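Using the sequences provided together with the hints, build the complete structure.
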Amino acid sequence: IYEALKEQFYAEGGDAFGETPHPQEGAKAQEGATEESIALSGEIYEDLDTQTQSEWHYADSVAREVATRKSALPSGFERLAKKMQSSGIDWRFELYNAINKHMRNNYAFMPPNKKHIYRGIALPSLASDTLSLCVAIDTSGSIDETLLGAFLEEFKAIMTNFPAVRIELIIADAKVHAHYTFQGGEKLDFPIKGGGGTDYRPVFDYIDSNIPMSTMLLYFTDGDGWFPRRSPNYEVLWALSRDAKVPFGRKLVLFI
5 IYEALKEQFY AEGGDAFGET PHPQEGAKAQ EGATEESIAL SGEIYEDLDT
55 QTQSEWHYAD SVAREVATRK SALPSGFERL AKKMQSSGID WRFELYNAIN
105 KHMRNNYAFM PPNKKHIYRG IALPSLASDT LSLCVAIDTS GSIDETLLGA
155 FLEEFKAIMT NFPAVRIELI IADAKVHAHY TFQGGEKLDF PIKGGGGTDY
205 RPVFDYIDSN IPMSTMLLYF TDGDGWFPRR SPNYEVLWAL SRDAKVPFGR
255 KLVLFI
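Under this note's numbering, read the sequence shown as residues 5 to 260, first letter to last.
Hints listed in this document are in silico derivations from the structure and should not be mistaken for laboratory results.
Being a predicted model, the structure only gives us computed values, none of them experimental.
Check the hints yourself; a few may be wrong.
Stated by the list, open to error - Computed spacing ranges between beta-carbons, pair by pair:
id, residue 1, residue 2, range
1, GLY188, ARG233, 32 to 42 Å
2, GLY201, GLU149, 11 to 21 Å
3, THR219, LYS255, 34 to 44 Å
4, GLY201, LYS249, 10 to 20 Å
5, GLY199, ARG108, 32 to 42 Å
6, LYS105, ILE215, 13 to 23 Å
7, GLU149, ARG108, 31 to 41 Å
8, PHE252, MET217, 26 to 36 Å
9, LYS105, GLY200, 30 to 40 Å
Said to hold, decoys possible - Think about it this way: if two alpha-carbon atoms lie no more than 30 Å apart in a straight line, the pair counts; the simulated DSS-like pairs of lysine-lysine are:
id, residue 1, residue 2
10, LYS191, LYS179
11, LYS105, LYS249
12, LYS179, LYS255
13, LYS197, LYS249
14, LYS197, LYS255
15, LYS249, LYS179
16, LYS197, LYS179
17, LYS191, LYS255
18, LYS191, LYS249
19, LYS255, LYS105
Don't be surprised by glycine CBs; every beta carbon is placed ideally from N, CA and C.
Given below as structure tokens:
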């Protein structure tokens with residue numbers, strides 16, 4: 005199922021903002037205007053926690069319009085998105101805001117931005133070798149094709165909206181299958197393995213052994229698995245497909 009999902013994912017247009025020919029000039033103009041709106045709305049992500057939810061709804065609707073026109077989103081994700089919108093829960097605002105606040109808390113550990121030193125201002129730099137985020141995606145048997153596709157789309161969105169952040173992606177079910185490093189708009193091209201049980205402990209053990217400087221883990225899952233007995237010394241955000249109890253960290257229900 006996971007190999008089939010990968011093929012479908014790329015066949016439907018892996019890059020949500022890749023170019024797609026359109027036969028009508030009027031439609032091209034409209035599409036260009038919409039994409040320009042997205043570019044202009046990029047400033048929203050500069051200061052996420054000061055933006056209103058109405059501004060987030062606007063940015064999300066514009067991005068979804070372009071992505072849907074270019075057939076980038078799986079149909080299953082669209083169904084989940086409709087459920088999310090009808091529920092009135094702005095989970096994307098909460099998700100991005102949590103990531104943004106975390107990154108801001110780590111700015112103090114980064115070297116000054118040289119572009120502003122001549123002005124006598126020592127602003128923190130967004131250096132890719134210091135600003136990182138761990139993301140784990142649950143590929144166990146309880147994660148069906150539609151939900152896994154939705155997790156991948158959200159991962160792509162995070163890469164797009166936080167281009168200066170190096171992301172350590174971990175694929176796991178009851179064990180860690182793979183670890184990849186991405187930054188910015190890199191193409192997602194990797195095998196998706198899984199289908200077993202759900203055990204979160206191997207991911208935390210892997211991070212301790214291989215990514216010891218981690219300061220935040222974002223875990224996409226359904227919340228049905230074995231948790232570590234102790235909370236780690238870094239921030240944990242559980243991005244859940246349904247409401248579930250977690251022993252530590254902050255939970256955010258993406259789809260209900």
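Status of the hints after comparison with the structure:
1. Take GLY188 and ARG233: their Cβ atoms lie about 37 Å apart, and the range 32 to 42 Å holds.
2. For GLY201 paired with GLU149, a C-beta distance near 18 Å keeps the hint of 11 to 21 Å intact.
3. At roughly 19 Å, the beta-carbon separation of THR219 and LYS255 lies outside the given 34 to 44 Å, and the hint is violated.
4. As the Cβ distance of GLY201 to LYS249 is approximately 18 Å, the hint placing it in 10 to 20 Å holds.
5. Distance hint check: the CB atoms of GLY199 and ARG108 are about 38 Å apart, consistent with the given range 32 to 42 Å.
6. For the pair LYS105 and ILE215, the beta carbons lie near 21 Å from each other, so the given range of 13 to 23 Å is met.
7. Remark: the range hint 31 to 41 Å for GLU149 to ARG108 is upheld by a beta-carbon distance near 36 Å.
8. Between PHE252 and MET217 the beta carbons are some 20 Å apart, a value that contradicts the proposed interval 26 to 36 Å.
9. The hinted range of 30 to 40 Å is satisfied by LYS105 and GLY200, whose Cβ atoms lie roughly 34 Å apart.
10. A hinted pair counts as satisfied when its Cα atoms are at most 30 Å apart, and LYS191 with LYS179 qualifies at roughly 25 Å.
11. Taking the CA atoms of LYS105 and LYS249, the gap is about 24 Å. The hint holds against a cut of 30 Å.
12. Proximity of LYS179 to LYS255 is assessed by CA-CA distance (about 22 Å); at most 30 Å being required, the pair is judged to hold.
13. Under the criterion of a C-alpha separation no larger than 30 Å, the hint pairing LYS197 with LYS249 is consistent with the structure, at around 26 Å.
14. Restraint check: the Cα-Cα separation between LYS197 and LYS255 comes to about 25 Å, which is no more than 30 Å; the hinted pair holds.
15. Annotation: proposed proximity of LYS249 to LYS179 holds, straight-line Cα distance about 21 Å (limit 30 Å).
16. Distance restraint check for LYS197 and LYS179: the Cα-Cα separation of roughly 10 Å lies within the 30 Å cut-off, and the hinted pair is therefore satisfied.
17. Taking the CA atoms of LYS191 and LYS255, the gap is near 28 Å; set against the 30 Å cutoff, the hint holds.
18. Distance check on the hinted pair: LYS191 and LYS249 sit about 34 Å apart at the alpha-carbon level, beyond 30 Å; violated.
19. The straight-line distance between the Cα atoms of LYS255 and LYS105 is roughly 16 Å, inside the 30 Å bound, and the hint therefore holds.
In the structure shown, a violation is registered for the earlier hints numbered 3, 8, 18, in ascending order.
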